[in-house]
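**Student:** Just need the whole structure built from these sequences, with the hints factored in.
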Amino acid sequence: MLQVSYIRDNREQVLERLAVKNFKQTQLVDEIIGLDDKRRQTQTSLDNVSAEANAAAKQIGDLMRNGKKDEAEAIKSKTGAWKEEIKKLGEQLTFIEEELYQKLVLLPNLPHSSVPKGLTPQDNEVVLENGSKPELPSTALAHWELAAKYNLIDFELGVKITGAGFPVYKNKGAKLQRALINYFIDEAEKAGYSEVSVPLMVNEASGFGTSQLPDKEGQMYFVGLDNLYLIPTAEVPITNMFRDVILKADELPVKHCGHTPCFRREAGSYGAHVRGLNRLHQFDKVEIVQVAHPDKSYEILEQMSTHVQGLLQNLGLPYRVLRLCGGDMGFGSALTYDMETWSAAQQRWLEVSSVSNFETFQSNRLKLRFRNAEGKTQLAHTLNGSALALPRIVATLLENNQTEKGIKIPEVLVPYTKFEWID
RNA sequence: GGAGAGGUGUCUGAGUGGUCGAAAGAGCACGCCUGGAAAGUGUGUAUACGCCAAAAGUGUAUCGAGGGUUCGAAUCCCUCCCUCUCCGCCA
1096 MLQVSYIRDN REQVLERLAV KNFKQTQLVD EIIGLDDKRR QTQTSLDNVS
1146 AEANAAAKQI GDLMRNGKKD EAEAIKSKTG AWKEEIKKLG EQLTFIEEEL
1196 YQKLVLLPNL PHSSVPKGLT PQDNEVVLEN GSKPELPSTA LAHWELAAKY
1246 NLIDFELGVK ITGAGFPVYK NKGAKLQRAL INYFIDEAEK AGYSEVSVPL
1296 MVNEASGFGT SQLPDKEGQM YFVGLDNLYL IPTAEVPITN MFRDVILKAD
1346 ELPVKHCGHT PCFRREAGSY GAHVRGLNRL HQFDKVEIVQ VAHPDKSYEI
1396 LEQMSTHVQG LLQNLGLPYR VLRLCGGDMG FGSALTYDME TWSAAQQRWL
1446 EVSSVSNFET FQSNRLKLRF RNAEGKTQLA HTLNGSALAL PRIVATLLEN
1496 NQTEKGIKIP EVLVPYTKFE WID
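Each residue of the first sequence is one higher than the one before, counting from 1096 in my numbering.
FYI, nobody ran anything at the bench for these hints, they're computed from the structure.
Hints are not guaranteed to be accurate.
[As the list claims (entries may be wrong)] Straight line, CA to CA, 25 Å or less: simulated BS3-like cross-link-like pairs of lysine-lysine:
1) K1183 x K1133
2) K1183 x K1171
3) K1270 x K1513
4) K1212 x K1311
5) K1173 x K1163
6) K1270 x K1255
7) K1462 x K1198
8) K1133 x K1462
9) K1500 x K1267
10) K1285 x K1270
11) K1270 x K1244
12) K1244 x K1228
[As the list claims (entries may be wrong)] Estimated spans, in silico, between C-beta atoms of each pair:
13) G1313 x E1220: 28 to 34 Å
14) F1426 x T1498: 42 to 48 Å
15) E1312 x N1266: 34 to 40 Å
16) E1166 x D1132: 38 to 44 Å
17) E1361 x A1300: 44 to 50 Å
18) V1254 x E1446: 37 to 43 Å
19) A1259 x Q1473: 43 to 49 Å
20) S1292 x F1426: 23 to 29 Å
21) N1161 x Y1196: 43 to 49 Å
Note that the Cβ used here is the ideal one computed from N, Cα and C, for glycine as well.
**Tutor:** Pasting the structure below:
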């Protein structure tokens, strides 16, 4: 959520930035400024009447104590009008604030100046490409075929137990999952992220804090009996640890990592592109999260990107880094890098990580602040990234590393899997 | 799930209708003291919004949340949420 004061002071710039995100309802900006004017006027009136009423109440108290009952009664008779006025203005203020808020949450975050204009994934900017794409023989299999051949993943069994998009990992497939999770966590800890293990369900306030709500309500599983949402990413519980928190400046940056399953309804996704592990309703992911000083957040974003790239390099996966264009970015992000690995059997790029700087968009909702050099509270910046999401990594590993002998496990993983081949 | 107790500032904790944004203590910050530290001692120490060009200042709101009674609510009433204790159930 953008800060009204910022919108008010930077109207032109806000409009210009929203255009980069292809945001059409630009009239909202002026509506918000207008409502904020009304809000301030109303509050000033309300404050003034309240001040009068408070003063009178104090006076009545004094008079009563001194036995001047008649004078007290005289003042009392005047309070009725104030009370009415206070009630009326209070209701007005609440109404205006609600209206303002309803419009404010419709505005996406402003994209960073480096964000390319564009509408679709085709307009994303390829920042770099790294690693060589393996040349596979024409007999090469897609990961869902390999998963069946080596008895690693049972998609049908998942359908029986739960439904499509909830696979059962078996044998070395299950062990590979655990190996990747442990490897990713260990690497994150080496990079200074302290591990947390967090709830997989969150309340409404948390969903709102990281801006899944109200924006993406339909994308989350909802446990109606208890009013809880299954997390779509560990970003939600981890970032919400800092809701309503005021940090000391020297506590920044705060760095956390955590592994969780992630649950996504993925309503409206069908077809060949969702086959196998390409798109699931439940998957595992290691997330890295930072709360940063605003002056440092872009430097930190690069560090996070470098960290994710290091993982991909160590796993020997060809990858590229995209700077998402305005139209493809998330609602709350100011700048997002997507990392994609090259799936050699499918001959396409698969998104395995998304690293974003939210600037103050989340912290404004979370009321996540720090005390700056002047001793004043200031909104912190929040960042997060996948490091990494498992299924597409598994898909790429299986496909790219297939040989006649079997599937070769990358060296860095062997201490975790305790086997070198899937055969 | 049943019964009971309770939610006050960074923390502990006082406050049952006005002098309460809130005692006291702890913590923290700065100063004095000290060779240095501890002890001692002094001062300060919530957040948000508004007014003001801004600082200073000042107004308003906030004692779990929302509503009500009252000239006046942390304090009384109602609803909701949460926590704790006991019983039941249970990985």
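**Student:** Among all the numbered hints in the text so far, which are the ones the structure does not match?
**Tutor:** Failing hints, ascending: 17 and 18.
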